[in-house]
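Since the structure of chain A is already known, use the hints to place chain B with the ligands on it.
Chains A and B, in that order, give the protein sequences. Quick note: the first sequence uses UniProt numbering, first residue 1, plus one each step. Quick note: the second sequence uses UniProt numbering, first residue 1, plus one each step.
A couple of the hints might just be wrong.
To be verified - Taking lysine to any residue pairs in the SDA-like style, the calculated list, with each CA pair at most 25 Å apart, reads: (1) Lys22/A with Phe27/B; (2) Lys222/A with Gly28/B; (3) Lys201/B with Met129/A.
Hints listed in this document are in silico derivations from the structure and should not be mistaken for laboratory results. For clarity, every value in this text was computed on a predicted model and none was experimentally measured.
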Amino acid sequence: MKLWTLTEGNKEFINETGSITKFANRFFIVGMKPRYEFKELLTQCYLIGYKSLPLVALTGFIMGLVLTMQLRPSLIVYGVESQLPEMVGISIVREVGPVITALIFAGKIGSSIGAELGSMKVTEQIDAMEVSGINPFKFLVATRIISTTLMLPILTVLADAIALFGSYIGVNINSVTSFSLFFTQVFQGLDLNDLLPAVIKTFFFGFAVGVVGCYKGFNSNKGTKGVGIAANSAVVLSSVLIFIIDLLAVQIADLMGLNY
Amino acid sequence: MGTIESTAGSSEDKSTVIVVEHLYKKFGDNVVLDDFNLKVFTQENVVVLGKSGSGKSVLVKCIVGLMKPDSGRVYVLGEDIATLKEDELDLLRTKLGFLFQSNALYDSMTVRENLEFPVRRHWEGMEQAEIDSKITEALENVGLEDTIDMLPSELSGGMAKRIALARAMILKPEIIFYDEPTAGLDPVTAREINALILKMKRKYHTSSIIITHDMECVKHTADRVLLLLEGKCYMEGTYKDLEQSTDKKIKQFFELES
Ligand SMILES: Nc1ncnc2c1ncn2[C@@H]1O[C@H](COP(=O)(O)OP(=O)(O)OP(=O)(O)O)[C@@H](O)[C@H]1O
Ligand SMILES: [Mg+2]
Numbered sequence: 001m002k003l004w005t006l007t008e009g010n011k012e013f014i015n016e017t018g019s020i021t022k023f024a025n026r027f028f029i030v031g032m033k034p035r036y037e038f039k040e041l042l043t044q045c046y047l048i049g050y051k052s053l054p055l056v057a058l059t060g061f062i063m064g065l066v067l068t069m070q071l072r073p074s075l076i077v078y079g080v081e082s083q084l085p086e087m088v089g090i091s092i093v094r095e096v097g098p099v100i101t102a103l104i105f106a107g108k109i110g111s112s113i114g115a116e117l118g119s120m121k122v123t124e125q126i127d128a129m130e131v132s133g134i135n136p137f138k139f140l141v142a143t144r145i146i147s148t149t150l151m152l153p154i155l156t157v158l159a160d161a162i163a164l165f166g167s168y169i170g171v172n173i174n175s176v177t178s179f180s181l182f183f184t185q186v187f188q189g190l191d192l193n194d195l196l197p198a199v200i201k202t203f204f205f206g207f208a209v210g211v212v213g214c215y216k217g218f219n220s221n222k223g224t225k226g227v228g229i230a231a232n233s234a235v236v237l238s239s240v241l242i243f244i245i246d247l248l249a250v251q252i253a254d255l256m257g258l259n260y
Numbered sequence: 001m002g003t004i005e006s007t008a009g010s011s012e013d014k015s016t017v018i019v020v021e022h023l024y025k026k027f028g029d030n031v032v033l034d035d036f037n038l039k040v041f042t043q044e045n046v047v048v049l050g051k052s053g054s055g056k057s058v059l060v061k062c063i064v065g066l067m068k069p070d071s072g073r074v075y076v077l078g079e080d081i082a083t084l085k086e087d088e089l090d091l092l093r094t095k096l097g098f099l100f101q102s103n104a105l106y107d108s109m110t111v112r113e114n115l116e117f118p119v120r121r122h123w124e125g126m127e128q129a130e131i132d133s134k135i136t137e138a139l140e141n142v143g144l145e146d147t148i149d150m151l152p153s154e155l156s157g158g159m160a161k162r163i164a165l166a167r168a169m170i171l172k173p174e175i176i177f178y179d180e181p182t183a184g185l186d187p188v189t190a191r192e193i194n195a196l197i198l199k200m201k202r203k204y205h206t207s208s209i210i211i212t213h214d215m216e217c218v219k220h221t222a223d224r225v226l227l228l229l230e231g232k233c234y235m236e237g238t239y240k241d242l243e244q245s246t247d248k249k250i251k252q253f254f255e256l257e258s
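The shape of chain A in the complex, shown without the other chains (with noise of 0.2 Å):
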């Protein structure tokens, strides 16, 4: 009896799944070597750390704010309201913070390292510094990876701050605390434990959503069609591998005995 038949659309699965490792491999054996592109890989971070800013402040805060007025009647429920400030901060640092602020930055610049990638792919911009001996690889892809896989840990403890600071407004809009009580209350719950695995998993993120926008970018098919889909897939294939990244990284947290 066959318990596995290999169907079109799991044979490309399959391949897929080869040829994003051979790509993020390639990247650790030609990426990593000389020559170093300093200046692009400085005007990268630029456009994908400091141009997310704005985006990322701004869902951190709302994410503080309303995950403290969502938590708050649960909380009086149990009778356990002055636990407000702990149970938001674990949330926040542990999961919500790494994986929203994640998730967000797969939408933003996923898509736009896939768009831009696969329209200089269609047409031809790529073939012509590969041609002009510049190795695309390092000039494009390699700064990339390392811009994401650097900026997002950076974004992602900003982000975690301004949802704290959201939270502490979210707390003083029905009862009123010192703003220096609620952060002593909140790095009470939290310790190094809470917060190493967290900002390790966000270099892991950052680098699935380098790796998947230039990978979908550098393969896509001619035509504004093929460059729409590289977008577009790049958005969606990060954002589940985000997921599955944060699955294996609680899993490991777990075995480590870090979780407690």
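What follows is chain B with the ligands alone, placed relative to chain A:
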């Protein structure tokens, strides 16, 4: 053929810059190149003539390694490009210039940056003044000095073609590939471009492969003409040979002119 194969690709063989042997390339069932052979000698302009869709662009892309042929060998400046590592290939390509049929200008950069991009990378530490003079010279060659701060999206089709040409020539490469250098240009500008191609050869001793349908361009620039038909080299000769030929398939190209 044995004797040709034994000398091909050896670096002592200074007289050939490009050797293409038994090249096959197909896309699905569409056989584009079918046992194609070609040699280009130093300081020679070879024109590849052929109908639309006959595989001329595919041929030059196979030569510079942008496409992988299904089988066959390509030697550029004595090196078998299929066996080169990624950084060796990058190095070899600094000696090549390539004009794309689609121009392929970097559309996020201005004309100046488009021209500066290859220069900065290959002559690191060059003074800004020197770079500027190279850019000005390249733009003067194609008669477009005043477009220097424009974006590619602001250029007309013919202007973009000339900027792309300037970019392909700016490093004064040993070999230049021109994919339809005069397509979409008025006769006056086309004549200037033809003169420029000749000047590159005389002044900087470049060899080149020129792809074109434009018989004026063939007449002025070609040392040798090759007709690509059904994936093979249908005939080879000078412009005169071609003009005097009684072969129907060759005559077609001249009839199109009038
Ligand atoms: N990437 C590709 N995928 C599939 N088929 C291709 C691809 N590139 C070219 N072809 C096919 O190869 C053939 C030759 O194309 P090519 O672009 O070389 O023609 P050409 O001789 O340059 O024509 P033109 O004078 O119109 O530019 C065409 O039939 C085309 O359909
Ligand atoms: Mg063509």
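Checked hints:
1. Distance check on the hinted pair: Lys22/A and Phe27/B sit about 24 Å apart at the alpha-carbon level, within 25 Å; holds.
2. Restraint check: the Cα-Cα separation between Lys222/A and Gly28/B comes to about 16 Å, which is no more than 25 Å; the hinted pair holds.
3. Distance check on the hinted pair: Lys201/B and Met129/A sit about 24 Å apart at the alpha-carbon level, within 25 Å; holds.
Violation of the numbered hints given earlier is absent; every hint is satisfied by the structure.
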